[in-house]
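Number of protein chains: 4
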Amino acid sequence: MIAVLKSGTTDKQIENLSSWLKTQGLDVHLSRGSEHIILGLIGDTSKIDAELIESLEIVDSVKRISEPFKSANRKFHPDDSVINVGNTSVGGNIFAIMAGPCSVESEEQVMEIARAVKAAGATMLRGGAFKPRTSPYDFQGLKADGIELLLKAKKETGLPIVTEIMNANHLSLFDEVDVIQVGARNMQNFELLKELGKTNKPILLKRGLANTLKELLMSAEYIMAGGNENVILCERGIRTFETYTRNTLDLSAVPMLKELTHLPVIIDPSHATGVARLVKPMAMAAAACGADGLMIEVHNDPAHALCDGAQSLTPDAFAGVTRAVRRVLSAISEED
Amino acid sequence: MIAVLKSGTTDKQIENLSSWLKTQGLDVHLSRGSEHIILGLIGDTSKIDAELIESLEIVDSVKRISEPFKSANRKFHPDDSVINVGNTSVGGNIFAIMAGPCSVESEEQVMEIARAVKAAGATMLRGGAFKPRTSPYDFQGLKADGIELLLKAKKETGLPIVTEIMNANHLSLFDEVDVIQVGARNMQNFELLKELGKTNKPILLKRGLANTLKELLMSAEYIMAGGNENVILCERGIRTFETYTRNTLDLSAVPMLKELTHLPVIIDPSHATGVARLVKPMAMAAAACGADGLMIEVHNDPAHALCDGAQSLTPDAFAGVTRAVRRVLSAISEED
Amino acid sequence: MIAVLKSGTTDKQIENLSSWLKTQGLDVHLSRGSEHIILGLIGDTSKIDAELIESLEIVDSVKRISEPFKSANRKFHPDDSVINVGNTSVGGNIFAIMAGPCSVESEEQVMEIARAVKAAGATMLRGGAFKPRTSPYDFQGLKADGIELLLKAKKETGLPIVTEIMNANHLSLFDEVDVIQVGARNMQNFELLKELGKTNKPILLKRGLANTLKELLMSAEYIMAGGNENVILCERGIRTFETYTRNTLDLSAVPMLKELTHLPVIIDPSHATGVARLVKPMAMAAAACGADGLMIEVHNDPAHALCDGAQSLTPDAFAGVTRAVRRVLSAISEED
Amino acid sequence: MIAVLKSGTTDKQIENLSSWLKTQGLDVHLSRGSEHIILGLIGDTSKIDAELIESLEIVDSVKRISEPFKSANRKFHPDDSVINVGNTSVGGNIFAIMAGPCSVESEEQVMEIARAVKAAGATMLRGGAFKPRTSPYDFQGLKADGIELLLKAKKETGLPIVTEIMNANHLSLFDEVDVIQVGARNMQNFELLKELGKTNKPILLKRGLANTLKELLMSAEYIMAGGNENVILCERGIRTFETYTRNTLDLSAVPMLKELTHLPVIIDPSHATGVARLVKPMAMAAAACGADGLMIEVHNDPAHALCDGAQSLTPDAFAGVTRAVRRVLSAISEED
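Residue numbers (my numbering), protein chains in the order written: chain A, 7 to 342; chain B, 7 to 342; chain C, 7 to 342; chain D, 7 to 342.
Calculated from the structure, these hints are not laboratory results.
Heads up, some of the hints might be wrong.
Chain copies aren't distinguished; within one or between two, either way the pair holds.
Claimed, not checked - Below, computed lysine to any residue pairings styled on SDA-like, alpha-carbon distance capped at 25 Å: (1) K69 with G49; (2) K28 with N99; (3) K12 with L27; (4) K137 with S112; (5) K69 with S13; (6) K161 with I71.
Keep in mind it's a predicted model, so treat the numbers as computed, not measured.
All chains, full assembly: derive it from the sequences and hints.
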């Protein structure tokens with residue numbers, strides 16, 4: 007960590023600051039220029055509050071050299087983390103494909119979709135029981151009943167299930183859920199993250215609409231600092247000025263995150279683009295740039311128009327996606 | 007609400023959709039062009055899920071003409087709402103000035119600041135007891151003890167207090183708190199909003215870093231739909247590419263929100279800019295464009311360097327801000 | 007095009023507007039609701055100024071149903087455009103790979119790189135002679151001399167050359183240049199676009215840092231409206247809040263543009279990410295989602311540290327990229 | 007300027023780099039930590055290419071401490087610049103109000119508006135003769151004829167005129183124009199900036215839609231480096247995700263720019279918001295936070311619906327704005 011001090015800083019002030027920094031367990035290296043004084047802070051700075059130092063009157067700016075995340079940092083954990091989920095895993099050699107409906111609507115619906123996505127090669131079933139909706143007047147999900155239906159589908163198909171939590175008080179309902187999802191809007195709901203850190207469940211953490219990769223990793227750190235290291239990161243599009251797509255899928259997040267952290271990284275092309283026609287090409291691109299898996303919305307009943315979501319694929323279209331993705335994965339695994 | 011249908015849509019499909027829409031209580035007007043078919047949906051569309059309709063295979067796009075918020079809508083509530091807070095109010099004739107430290111640190115600190123901001127013209131005391139921090143390793147606030155200290159300061163100075171909630175399970179700690187703040191990161195924590203909707207406390211709802219004004223109003227609607235109409239909106243900067251300021255203060259949100267809603271709107275120039283030197287000019291600008299109040303960070307102890315936050319004002323500087331703001335308010339209240 | 011009129015609009019005003027719209031060659035369909043009046047405007051609206059209509063006092067909002075671009079619109083030109091460039095092409099069956107140095111620095115440098123990228127499978131040589139730099143004090147390129155050096159490299163290797171124009175007055179220098187590049191900062195330099203529309207040179211048009219896909223297509227339309235239909239679109243990253251990468255590469259632009267337009271679309275992963283290590287995975291992702299080609303920065307002299315740009319690949323690393331990209335292209339071309 | 011070197015860097019490499027930096031006129035201070043090596047570069051770094059240094063293989067990152075702009079830097083020019091414009095000025099004691107139509111349409115129109123805005127207190131007449139339009143099919147302005155009409159209005163009213171240039175080849179048409187405007191889309195049209203740097207005309211430089219304040223100042227630097235120090239900066243809204251307003255007006259740019267530079271800063275609330283109703287409150291806010299002036303769109307003929315632009319004010323409404331702004335200016339000029 008580097009602290010740049012203002013030019014008028016007195017020796018006494020520098021000494022006071024240096025002493026305080028040393029009590030925080032850091033070595034302090036002073037470098038004095040004609041206009042600025044630079045303090046190099048050496049040691050474990052991951053638990054130092056950079057804003058606090060930057061707020062000092064004599065400090066011009068603070069720059070981290072080491073990243074502020076520790077448990078998630080690849081530097082201290084060079085090997086890829088593999089998160090075991092039921093009979094499968096995320097990270098490592100298995101390419102995870104989580105598929106299913108945006109919302110669980112009925113037993114018939116979820117069963118039919120579960121069978122279809124399993125047949126098409128999905129490794130897990132996803133489905134929303136608690137639905138975060140912008141409007142209080144929109145459908146909020148089947149809640150506990152939705153989780154029951156997912157568990158029935160799990161029982162029949164053997165697919166582990168992934169579903170979103172919105173409130174730590176609901177945790178008991180998630181006992182048999184395999185992966186608990188934290189949605190984009192709750193990425194910085196730190197109270198929820200802390201509670202999830204006390205469980206040993208795999209947590210699928212979605213990047214917020216306006217959150218940096220560093221903030222995503224710091225939110226993972228909240229969960230890991232509590233003792234739960236089973237975190238799966240998910241890029242699902244960020245908010246920009248572009249309007250043809252619902253969000254802008256930031257695929258460069260995949261290789262960048264893989265460099266920064268040992269945690270697995272998956273892509274949700276359905277929410278990222280909001281356009282079913284773009285799901286296949288973006289799923290292929292995600293596989294090509296090194297993602298550990300995908301989360302894709304699939305719906306079963308195109309005849310019943312009200313359920314054919316703008317971003318949902320039919321089971322047939324989804325099968326086409328998995329075949330294309332497998333071809334890409336096979337191509338990139340060939341020796342150079 | 008207008009739904010544009012795709013060109014190949016059959017009469018049968020149009021009839022099916024129209025019938026369904028009529029069961030939702032809407033009148034449907036058909037307009038047929040050479041390339042597109044347009045359905046005008048007339049009636050109360052605020053509780054219609056536009057995304058659901060847009061997701062229909064035969065629908066090209068859906069455009070709302072009426073806004074999706076109802077309780078917060080000025081159209082159905084032309085007069086400004088005045089939110090009573092202890093012996094003062096927000097909205098109406100009183101210009102609210104909420105001031106105090108970012109974090110409550112000690113009894114001495116909060117008492118001294120409370121006295122100082124009261125003397126300088128603050129109408130309420132703000133202070134953080136539960137602190138949302140990006141890093142789990144940063145100071146998380148004094149929590150329940152922090153609220154106790156704020157209540158002591160309230161008792162002595164008579165200033166109503168404003169402090170942030172991060173978890174609905176903590177609600178009992180907020181019994182004597184006058185205004186409960188929902189932070190930017192929790193603006194779409196819908197579970198928290200629903201719980202706050204069951205109270206009758208004034209809620210200060212901050213705009214999220216990447217949330218539109220419409221989303222802010224929909225989050226207010228979550229609280230109001232639960233029965234609590236005491237909502238104060240707060241613009242505190244949005245996230246953009248600019249780096250000289252921490253966020254970009256969107257002051258045009260003030261007159262735009264005042265047009266859309268009857269709820270009061272206040273500005274937080276401290277978090278918006280992250281730079282103490284910019285607080286005064288932006289506070290004056292907020293007053294000039296019609297804000298109902300301000301929320302400003304003030305700290306008491308510039309000698310103790312670690313507390314002179316980059317965005318905090320000293321009590322003296324804060325007094326200069328209130329004097330300048332009063333001059334602006336006086337100027338704009340003159341008859342034209 | 008749909009115009010929504012305000013509720014108080016009188017019959018006389020509606021008639022006046024309808025009459026005027028009819029003189030613009032449009033049919034007008036009226037649909038009257040309880041709160042709004044909707045005009046459906048049928049006919050060729052691509053040359054109608056929507057902002058002008060929206061600015062009318064009686065008009066609430068205007069929504070285009072047809073896109074405002076015509077020459078670039080796939081609807082009126084269903085087949086992919088193939089842009090012939092010397093002995094090769096962009097679009098169609100050939101995957102274009104444009105590679106070379108950010109700046110042309112010397113004859114030795116450009117010759118060595120040209121030979122290396124040709125050997126590694128590049129189909130064109132790129133190199134900057136006129137360099138747009140944020141600072142007037144930074145190196146501005148070798149200008150005319152740089153173009154001379156590129157032409158020498160073209161003569162020896164047979165690779166067509168791509169280089170950027172910043173000023174229409176320089177056009178005579180570009181006589182033997184094969185593809186003229188318009189940089190991101192000049193995407194809406196309409197005067198330059200008009201001049202390029204008068205030539206018959208292939209134009210590589212880069213998306214601006216904060217420009218929508220619609221604006222990119224409207225800028226292509228400026229060139230095409232002048233008679234030059236040889237336009238190649240290039241996504242090179244947009245500006246967001248993320249800081250780990252220089253820009254955010256919007257790969258969903260590829261399938262979205264391919265749907266909207268018949269023009270070829272290429273990707274520049276070097277400028278998009280600003281990080282050499284991310285070029286290979288993003289190049290593979292671009293190939294996987296249907297891009298027609300790539301533009302990649304390659305530099306020859308890693309021993310001479312000052313030239314090993316943060317985003318430039320060595321010729322060896324570049325050869326690794328082309329091999330990986332070829333494997334992806336081969337995989338996605340297999341029958342389903 | 008600080009350069010952080012990677013941990014594996016050898017002494018030989020450090021020495022090579024240090025030697026090269028010294029040839030650039032810099033002193034180099036070395037600070038060696040356990041994980042990183044830090045070089046403090048002391049001297050005039052404003053003409054150093056930070057990207058070039060950052061691109062070195064051994065360099066992890068580079069951070070400027072001094073700003074890269076020099077002529078525009080308040081540090082080297084503490085007093086406010088006053089730009090003389092005909093019989094008035096921008097900066098200093100006069101609050102500049104530039105008003106007029108978005109486009110010059112006819113002699114009658116421009117004359118009537120010129121008289122009206124003068125009567126209402128405008129200090130200059132603005133009007134578009136060359137119009138940058140997103141679509142090639144939209145009205146592109148009256149061009150040279152438009153400038154003639156503005157000059158007639160200048161002759162009658164005595165108001166200096168401000169109008170936009172899009173092409174340096176048109177410069178001879180601007181001989182009698184008082185202030186030449188560079189539009190947002192041309193803010194980084196460096197070739198145009200260089201040509202304007204050779205003139206001695208006041209240049210009104212608008213901030214680009216996605217440009218940082220630093221980039222705006224670097225573009226001013228392009229003009230000033232050519233010898234023309236008469237630059238007026240204009241904030242006119244930046245592009246964000248918000249859709250209720252056309253752009254997001256960044257008013258904190260005013261006090262931030264006033265701190266960084268001695269150049270005057272004005273605000274264009276018309277383009278920033280795109281909504282006529284927001285022009286008055288945002289003009290008042292601009293005055294309150296220290297802007298040196300305003301640029302406002304005014305149109306004369308509300309009866310002729312096609313000209314009542316969504317963001318244009320009637321002369322009467324404009325007179326209301328100037329009165330309100332004068333009251334704010336008077337209030338903020340009072341002693342504290």
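Structure-based check of all given hints:
no.: 1; hint: K69 with G49; in the structure: both (14 Å within a copy, 21 Å between copies)
no.: 2; hint: K28 with N99; in the structure: neither (45 Å within a copy, 51 Å between copies)
no.: 3; hint: K12 with L27; in the structure: both (17 Å within a copy, 24 Å between copies)
no.: 4; hint: K137 with S112; in the structure: within (15 Å within a copy, 41 Å between copies)
no.: 5; hint: K69 with S13; in the structure: both (17 Å within a copy, 17 Å between copies)
no.: 6; hint: K161 with I71; in the structure: neither (49 Å within a copy, 46 Å between copies)
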